[in-house]
Amino acid sequence: MSTGAILLIAATLNLALIIGLSLTTALLKARRERRARRHEQELALLRPVMMRYLATWEDGDAHDLADMLIGYHGVTTSFEELVAGLLPKLRGADRSMLVDILRRRGTIDQARQGTGSRWAVRRYRAVELLGAAGVSEGIPDAAALLGDRNTDVRLAAVRALGRIGTVEAAAALLEHLDSDEGRKHPIPPHPVTMALLRIGTDATDPLTRALEAGQVEVRTIATEVLGVLGVYPAVAGLQARMRLDPSASVRLGATHALGRLSMPSSAGDLTAMLRTEEDVEVLAAACAALGRIIDPSTIPDLEHAVAHPHPTVRVAAAMALVPFGATGLDRLREIAQRDAEGGDAAREVLARNSIATDTTPLISL
Amino acid sequence: MRDFLESAVIGFNSFVIIYFLALNSLYLLIVLIASRAQRRAQRMSSETALEDLFANPLTPGVSVLVPAYNEEPSIVSSVHSILDLRYPQLEVVIVDDGSTDGTFDVLQHEFELQPSTRVAAGVVETVGTVNSVHISRDGQIVVIRKENARRRGDALNVALEYSRYPLVCMIDADSVLEKDALMHVVRPFVDDPERVAATGGAIRPINGCPTERGMILEKRLPKAWAPRIQVVEYLRSFLLGRVGWSAFNGLMIISGAFGLFRRDLVQQIGGLTADSLAEDADLVNSLHHRLRREKQDYRIVFVPHPVCWTEVPENLKILGRQRRRWSHGLLEVLWRFRQMIANPRYGRMGMLVLPYYVVFELLSPVVEILGLICLPLGVAFGILNWKMAVLYAIVAIGYGILLSVVAIVVDDLSYKTYRRWKDLGILLVAAFLENFGFRQLHAFWRLRGLWSGIRGSNASWGEMPRVGFKETSGASG
Numbered sequence: 001m002s003t004g005a006i007l008l009i010a011a012t013l014n015l016a017l018i019i020g021l022s023l024t025t026a027l028l029k030a031r032r033e034r035r036a037r038r039h040e041q042e043l044a045l046l047r048p049v050m051m052r053y054l055a056t057w058e059d060g061d062a063h064d065l066a067d068m069l070i071g072y073h074g075v076t077t078s079f080e081e082l083v084a085g086l087l088p089k090l091r092g093a094d095r096s097m098l099v100d101i102l103r104r105r106g107t108i109d110q111a112r113q114g115t116g117s118r119w120a121v122r123r124y125r126a127v128e129l130l131g132a133a134g135v136s137e138g139i140p141d142a143a144a145l146l147g148d149r150n151t152d153v154r155l156a157a158v159r160a161l162g163r164i165g166t167v168e169a170a171a172a173l174l175e176h177l178d179s180d181e182g183r184k185h186p187i188p189p190h191p192v193t194m195a196l197l198r199i200g201t202d203a204t205d206p207l208t209r210a211l212e213a214g215q216v217e218v219r220t221i222a223t224e225v226l227g228v229l230g231v232y233p234a235v236a237g238l239q240a241r242m243r244l245d246p247s248a249s250v251r252l253g254a255t256h257a258l259g260r261l262s263m264p265s266s267a268g269d270l271t272a273m274l275r276t277e278e279d280v281e282v283l284a285a286a287c288a289a290l291g292r293i294i295d296p297s298t299i300p301d302l303e304h305a306v307a308h309p310h311p312t313v314r315v316a317a318a319m320a321l322v323p324f325g326a327t328g329l330d331r332l333r334e335i336a337q338r339d340a341e342g343g344d345a346a347r348e349v350l351a352r353n354s355i356a357t358d359t360t361p362l363i364s365l
Numbered sequence: 001m002r003d004f005l006e007s008a009v010i011g012f013n014s015f016v017i018i019y020f021l022a023l024n025s026l027y028l029l030i031v032l033i034a035s036r037a038q039r040r041a042q043r044m045s046s047e048t049a050l051e052d053l054f055a056n057p058l059t060p061g062v063s064v065l066v067p068a069y070n071e072e073p074s075i076v077s078s079v080h081s082i083l084d085l086r087y088p089q090l091e092v093v094i095v096d097d098g099s100t101d102g103t104f105d106v107l108q109h110e111f112e113l114q115p116s117t118r119v120a121a122g123v124v125e126t127v128g129t130v131n132s133v134h135i136s137r138d139g140q141i142v143v144i145r146k147e148n149a150r151r152r153g154d155a156l157n158v159a160l161e162y163s164r165y166p167l168v169c170m171i172d173a174d175s176v177l178e179k180d181a182l183m184h185v186v187r188p189f190v191d192d193p194e195r196v197a198a199t200g201g202a203i204r205p206i207n208g209c210p211t212e213r214g215m216i217l218e219k220r221l222p223k224a225w226a227p228r229i230q231v232v233e234y235l236r237s238f239l240l241g242r243v244g245w246s247a248f249n250g251l252m253i254i255s256g257a258f259g260l261f262r263r264d265l266v267q268q269i270g271g272l273t274a275d276s277l278a279e280d281a282d283l284v285n286s287l288h289h290r291l292r293r294e295k296q297d298y299r300i301v302f303v304p305h306p307v308c309w310t311e312v313p314e315n316l317k318i319l320g321r322q323r324r325r326w327s328h329g330l331l332e333v334l335w336r337f338r339q340m341i342a343n344p345r346y347g348r349m350g351m352l353v354l355p356y357y358v359v360f361e362l363l364s365p366v367v368e369i370l371g372l373i374c375l376p377l378g379v380a381f382g383i384l385n386w387k388m389a390v391l392y393a394i395v396a397i398g399y400g401i402l403l404s405v406v407a408i409v410v411d412d413l414s415y416k417t418y419r420r421w422k423d424l425g426i427l428l429v430a431a432f433l434e435n436f437g438f439r440q441l442h443a444f445w446r447l448r449g450l451w452s453g454i455r456g457s458n459a460s461w462g463e464m465p466r467v468g469f470k471e472t473s474g475a476s477g
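Going line by line, the protein sequences match chains V and C.
As numbered in the UniProt record's numbering, residues 1 to 365 make up the first sequence, in order.
As numbered in the UniProt record's numbering, residues 1 to 477 make up the second sequence, in order.
Keep in mind that the hints are not guaranteed to be accurate.
[Unchecked claim] In the SDA-like style, the derived pairs of lysine to any residue whose C-alpha atoms are separated by at most 20 Å in a straight line are: (1) C/K422 x V/K184; (2) V/K89 x C/N56; (3) C/K179 x C/G11; (4) C/K387 x C/S14; (5) C/K295 x C/I269; (6) C/K416 x V/K184; (7) V/K184 x C/D191.
Derived from the structure by calculation, the hints contain no laboratory data.
For reference, chain V alone in the conformation it holds in the complex:
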């Protein structure tokens, strides 16, 4: 075949593909718009039925509506799709009634089966639905997916356990993280902390036990979450972690938590920390924690920390002096006169404070 013939075929093929693709896109766009219109129409029919059901089920005369919802099958809309958007906004009995409809439609059982699917997308969607419904029978299925080979599925399982929100869910999550299986397929701390925060005070016992976990990540998560949840009985355990834990991230988490809890009994450990700790982040967190506790006996230690070689610590220590009021500000003004040893941090904090409180700058800038 000659070069000309090859070029001619290539050019024709090109043209055909360009025209074909353009037409296909137009057809798909038209189809999508038609479906979107129909979807809206179906939702417009389904939504009022659901709302009427939620408004009348307590009167006991909503059986017809319930049957209608249980048997509903749309062309472009599924009942599940509508409910998935609604469930996070509902609480209490209304939510339970909708979950009951899901259960009677067989959706929950299907989702539980779906968590064993060989397709990652199906496992993902199944566990998301169990989480959205918040059904406790889904805990073992969601917990089993914590070791899934697909990262997105593992993360969806963590979120689902957080939304199911029971002590069993918290225990399953923390135990998995500290297990060999958990080490094989690690789960990042952030989604875990959010799941535990959603579970709330129900997670207190498993979290307190997790302070002694073998895995650094689990101990770190436990310290941070106990602080955010405000679990005061955990103070002694947190102080021990802050003093003794070999991992800087655990010490940091415990220091953050003690700052959040702001118990005066922590002041001694925190000032001792300022003298011995080497990690800059932990030192800055210890200063911030002392700024929340506001124990006057800690001022000299904070003043000393204002002269720390690292700017993060210097600024954190200077900021911690502000909540002490006039005494702290006087100390900062003295330090601000220095060229070195924290003068820069004191000047910054004084300037920020004067702007925030709308007062005349206390030092010349």
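Using the hints, position chain C against chain V.
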């Protein structure tokens, strides 16, 4: 002699055809990989994950770094769009890099800035002297006024020095981010904190979109053809191309208009290269270079969903200047990291990505311009049959159009950004028109950029005049 010339011209034209077939086929492959990755990501997308990210008090804070040089028309809208972002903890660090217009005045007036002091981290070297620091009453906005060092990298380094949060987001002063944009780009960091070093978001031209207080009211195409063609370019290269490269951790560029980085890693590599013209690509390659050399398991991720809208040049003169700078910058970056090229120590970056950029990005204007010269010369001297020459041109151009059409199709199916039928039609026409004049002009600009890079001539950032966003109180017809 004539036989030799004839063989040479035909041989070169065949080479040009094979080169463009290979270039476009590779790009087509990347676009198809991108569409597959996107489909998968869409099927496993989760609103609850974003809600959790927003609600979690332990979500890492983000410092948004905004270098600004003569950005008076758009800076206030940009800062408002950043402050309106849905993100739990953020600060905006703006560096007024010696602007000669009213950039600082409009900022001071709008946000009631007060002079302050702030301790710099003292980790990264900077060039331009800092004159003053100003903060807003709530402390969320920090403006640093400095001497102009004629380098965007230096302005970003100053912002880095004064930033406080563990993640730093670098954006252009004329960028407008979508409401959830930060949450989308932060998510890879919290989902894989050990490995993710940087993330970048998609960039799209904002020209033509009506905005209000830095928020886009309706996504529309620009009115003029030059920016419309750039929309197609951005779709092909900045969206689908990057999704494709990111799928196998080979992202070489995160656009300076919207990128998120771990602050500690940027500090460890000494910040941005202040005298680089492509400081964004330079930064990403510095990270690749360091992390690969240290044999670390890391990821640099492109997140296609969050969109950063940015003003693109409407005027060919300014567009030409921008493209010359990009080409010059690419040469600088490839030269700086030349020891990585074809070096197995740097894995797929060394063996695949950088060689691709040398052969198919850096050298393509040379091949294209030589092809454009050779084809008509061959016809004029009777070496090439005109019918053959036309067929050569049709195949080369047709494949380019096909690639753009595929990108438009994938974008329409995946992202559905532009809803109007008219916009789809305009994009398809722009994909066609791009190949008649614009593409050749673009090759010429890139060749000039390459030449200025080879000569080592000076170029600087910050000379793109802004017209500002089309502020309106409501979208109209």
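These are the hints, each one checked on the structure:
no., hint, verdict
1, C/K422 x V/K184, "violated (52 Å)"
2, V/K89 x C/N56, "holds (18 Å)"
3, C/K179 x C/G11, "violated (53 Å)"
4, C/K387 x C/S14, "holds (15 Å)"
5, C/K295 x C/I269, "holds (15 Å)"
6, C/K416 x V/K184, "violated (39 Å)"
7, V/K184 x C/D191, "holds (16 Å)"
Hint check: violations occur at hints 1, 3, 6; the rest are consistent with the structure.
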